[in-house]
Amino acid sequence: MKLLYFAWLRERVGLAQEEAEPPAEVRTVGALIDWLVGRGENYEAAFADRSLIRAAVNQDHAALDAPVGPGDEVAFFPPMTGG
Amino acid sequence: MKLLYFAWLRERVGLAQEEAEPPAEVRTVGALIDWLVGRGENYEAAFADRSLIRAAVNQDHAALDAPVGPGDEVAFFPPMTGG
Amino acid sequence: MTVSVQRHDFDPGRECHLLTSGRHDIGALVTFTGLVRDMAEGRGVSHMTLEHYPGMTERMLEQIEAEACARWPLDASRIVHRHGRLAAGERIVFVATASAHRQAAFEACAFLVDWLKTKAPFWKLEEGEAGAGWVAAKAEDDAAAEKWRGDRR
Amino acid sequence: MTVSVQRHDFDPGRECHLLTSGRHDIGALVTFTGLVRDMAEGRGVSHMTLEHYPGMTERMLEQIEAEACARWPLDASRIVHRHGRLAAGERIVFVATASAHRQAAFEACAFLVDWLKTKAPFWKLEEGEAGAGWVAAKAEDDAAAEKWRGDRR
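Each protein sequence line maps, in turn, to chains A, B, C and D.
Residue numbers for the first sequence follow the working numbering, so the first one is 1 and each next one is one higher.
Residue numbers for the second sequence follow the working numbering, so the first one is 1 and each next one is one higher.
Residue numbers for the third sequence follow the working numbering, so the first one is 1 and each next one is one higher.
Residue numbers for the fourth sequence follow the working numbering, so the first one is 1 and each next one is one higher.
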């Protein structure tokens, strides 16, 4: 699974992207966040306020209950501020 | 009094502008139209449908009961279609 | 805040540049360009002649621009309206509004176009396959202008 | 109906020309240009860096453009969005909509700007007197995007 981080999520995680292999029971965006938070303080800090986390799966906006699986591209970012 | 006509009003009256000296009892835009209509068939044709007549006095939009007097510039035209 | 009534064409890019160059306080610029369509209510149109009332036209455009500036926090605005004979595809009118925020710029631009249509003394003579004829005012234009009346800020 | 995501500046006049030249069926062209303001909520801003999600950005812009074309009878549309570091006064984004009628062009342009702000993956980092900081999303932008949700045509 390819993980991408943008804006202050990228800064807090300390990575722009990484390859990850979460266990098979991680089947949703929300479960993926739970798993990431357990991996270290940088993830904990990045995902501390979940109301500020937005996600995309394969470059489409995705809710916390959206399914994720091996081979997916999953991105995490704050609310968008373009335009 | 200077009178101006625009668009099909100009075409029907047959004049773009003229100087006129209506009698002293002509004190409103509406009375001026009544007086003009009595001057000839061209005016009668131009002012036949009063719902399509708009007027301006001294370059400001004016209603039928707006006052007019000697020295005023009075314009008659159809509803505007700019833009 | 300037108004031009002219026979010659204008350059939308240059107008945008003049409104915003050297300004760092403008967040949003909205423009409207009106063009001569080759079709009107099913009739082919080759040319459009715009007659206007010199003097009153400028007065009215300045009045509606002042009204827009009173209603919305505009940093800059511009109206250019052409008159004379124009071919299908040619530009007729340009309206631009600049503001710190986009909603003010959008609303003020739409307001200016709506009011211009019913208050600025212009009349269109259409030429096409079926000959020449004066364009009738549209009830929807009156309605569009009217909707801003109760919306004072 | 094209979308560009680019580092370099764009030319609003040229974009307008490309949308309308040779077309005689367009009656109304509405454009929105967003610029970097030197002030944001009372703080001075010297530069703005736009980060984005390459690939998804283009997808989202194409999706919202398709949505606008489904809702309004547009003859042409265009979105250009810059990324990278921009100084105060620089252009960020350009949205243009062309239609036979002005109301469709105005509404579709406002819709595109509103949706772009909440759906296109861009993030602004502001630099100013007080250092650098990520711009927080505005509740009013969510509300502006939301108001189009019930407004399907």
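Think of the hints as simulated: they come from the structure by calculation, not from any bench.
In this text, all values refer to a predicted model and were calculated from it rather than measured experimentally.
Do not take every clue at face value.
As the list claims (entries may be wrong) - Pairs of lysine to aspartate or glutamate residues, derived as EDC-like cross-links and limited to a Cα-Cα distance of at most 16 Å, are as follows: (1) C:K119 - B:D60; (2) C:K147 - C:E41; (3) D:K119 - D:E90; (4) D:K119 - A:E21; (5) C:K119 - C:D142; (6) D:K119 - D:E51.
Item checked: Restraint status (C-alpha distance of K119 of chain C to D60 of chain B at most 16 Å) -> 10 Å, holds
Note to self: Next pair to validate is K119 of chain C with D142 of chain C; report whether the Cα-Cα distance is within 16 Å.
What the structure shows: This hinted pair holds, its Cα atoms lying about 10 Å apart.
Check: If you draw a straight line from the CA of K119 of chain D to the CA of E21 of chain A, is it 16 Å or shorter?
Finding: 28 Å, violated
Notebook entry, point to check: CA of K119 of chain D to CA of E90 of chain D, is that 16 Å or under?
Noted result: 22 Å, violated
Check: Keeping to a limit of 16 Å between CA atoms, is the pair of K119 of chain D and E51 of chain D held or broken?
Finding: 14 Å, holds
Next item on the list: For the pair supplied as a hint, K147 of chain C and E41 of chain C, confirm whether the alpha-carbon distance does not exceed 16 Å.
Entry: Not OK: K147 of chain C and E41 of chain C at ~24 Å, beyond 16 Å, violated.
Of the numbered hints listed earlier, those contradicted by the structure are 2, 3 and 4.
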